[in-house]
Amino acid sequence: MKDNRPIPKEIGRANIHDLSILWQDGHQSVYSARYLRMRCPCAGCVDEWTGRRVLKSADVSEDISPSSLEVVGRYALRVHWSDGHSHGIYTFESLRNLCLCDACKSSLQEFEHST
Amino acid sequence: MVETDKNTVLEALKVVQDPDLGRDIVSLGFVKEVKLCGGVVAVTVELTTPACPVKDQLREQVKQVLLELPGINEANVEMTAQVRSAMPDNQSLLPGVKNIVPVGSGKGGVGKSTVSVNLALSLAQSGARVGLMDADIYGPSIPTLLGISTKPGMGSHNQIIPVSQYDLKVISMGFFLSEEKAAIWRGPMLDKMMSQFLGGVEWGELDYLVIDLPPGTGDIQLSLCQKVPLTGAVVVSTPQDVALNVAKKAILMFNQLNTPILGIVENMSHHECPHCGERDDIFGTGGGSRVSREMDIPFLGEIPLAKNIREYSDQGKPVVLADADSEQSKAFIQVAESLASQISIRAMSGAFEQDIKVSF
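Going down the list, the protein sequences come from chains A and B. Counting with the working numbering, you get residues 1 to 115 for the letters of the first sequence. Counting with the working numbering, you get residues 1 to 360 for the letters of the second sequence.
Among the clues, some could well be false.
[Unchecked claim] Here are a few chain B residues that face chain A, going by a calculated C-beta distance under 8 Å:
hint: 1; residue: Val-201
hint: 2; residue: Cys-225
hint: 3; residue: Gln-226
hint: 4; residue: Pro-229
hint: 5; residue: Asn-258
hint: 6; residue: Thr-259
hint: 7; residue: Cys-276
hint: 8; residue: Ile-356
hint: 9; residue: Lys-357
hint: 10; residue: Val-358
hint: 11; residue: Ser-359
For the record, the hints were derived by calculation from the structure and aren't laboratory data. Cβ coordinates follow ideal geometry from the N, Cα and C atoms, glycine included.
Start from the sequences, fold in the hints, and give me the full structure.
Here it is, written out as structure tokens:
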């Protein structure tokens, strides 16, 4: 089975609020806590059927930060947030797609221009 | 005359290749002990599984090579095994268990439980330490298949002690459900059951933990794949297209959860007439190997239908024990050896992802 699915190599803090992932393929991603928390994929934050975000910006405190996290099986990350929320399971694939580094942003732009 | 010493022995043995791993047994570190005394040499070769399909071949090859060495007129070769773990090191839920192998299917009725039981037994018979978890809460048939009438006991720290039967350590929902009560279970209870069966049982040191999943793709499969990183799944199907199309769904599910697929087993593959030996492909043929090619997963083998399978099931003695020389038993043993090979290949080549380091 061909396997080019993104897998993290090291997961840690970038600073108090931010999450850093070094991927197995050498790519480096940094996610701000608020950015990630707002994109929680759990059924309480996103409508299961429509995919529309239910979680509102006002619901998340300005100093939200990750308290701890754990790897789920072989495919995802569960974050325990400072506001007590911990239902969200972020697949590695979705985390990679959420990467906002220049390289990922530009390839997204290329895609948008070519279509 | 060149004198034979330990180094010449090791040099000579470099011609012996492990066919699955594609390297010679010396560079693989399999040659553990070399003893020379007079014209006698004794060598210990440690394989990655006692269920290695080419164990006898390798032993013969090593013996031949040794006998050709100058001054040697007797060669004793002992084959041992140390099962390698093909799971990330940070798997802490079951620290003594080296490999966790769920057996799934797209739909019911393909004989998944029978396959699980006979595979587990074949591995145990080869000398491995094997556990069997019956997570099929909707139809927990494993106690019946194994003729188990006792219940598990409780150990220290409230751990459940699995029942020992035919050299297997067994846990089943069937032990905890009375026959009269139908099991209507909702999501959170399934999750709790899975946690209990994994972390709350004294499994001890196991080379392989085989898990008989309920058919399909649902809460239990998801829960299992979330709780502990698995070595890889086995998918069982019959040759019918209908079964195979649904088996593909199970394969896709495991793919989505980054769970490797160790292979597909085609059960009820064909019938062989006990009188004239004529082969009858009752459910069609070739489907399992076709799906294996299409989805790029190993084909572990075919298990033929047997007339007496029902009798053995009812008697509580699986076919690999009740009729070890039958076509069915031989097929199960071959599939178990293929499975053990796949696990060894994964463990030795580091094909699975490295540990994920979390520093938080």
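Going through the hints against the structure:
1. Val-201: violated (19 Å)
2. Cys-225: holds (5 Å)
3. Gln-226: Because about 5 Å separates B/Gln-226 from the closest Cβ in chain A, which is inside the 8 Å limit, the hint holds.
4. Pro-229: holds (5 Å)
5. Asn-258: holds (4 Å)
6. Thr-259: holds (6 Å)
7. Cys-276: violated (41 Å)
8. Ile-356: Cβ of B/Ile-356 sits 5 Å from chain A, so the hint holds.
9. Lys-357: Hint holds; B/Lys-357 Cβ to chain A Cβ min 5 Å, cut 8 Å.
10. Val-358: Cβ of B/Val-358 sits 5 Å from chain A, so the hint holds.
11. Ser-359: holds (4 Å)
Checked against the numbered hints above, the structure breaks hints 1 and 7 and satisfies the rest.
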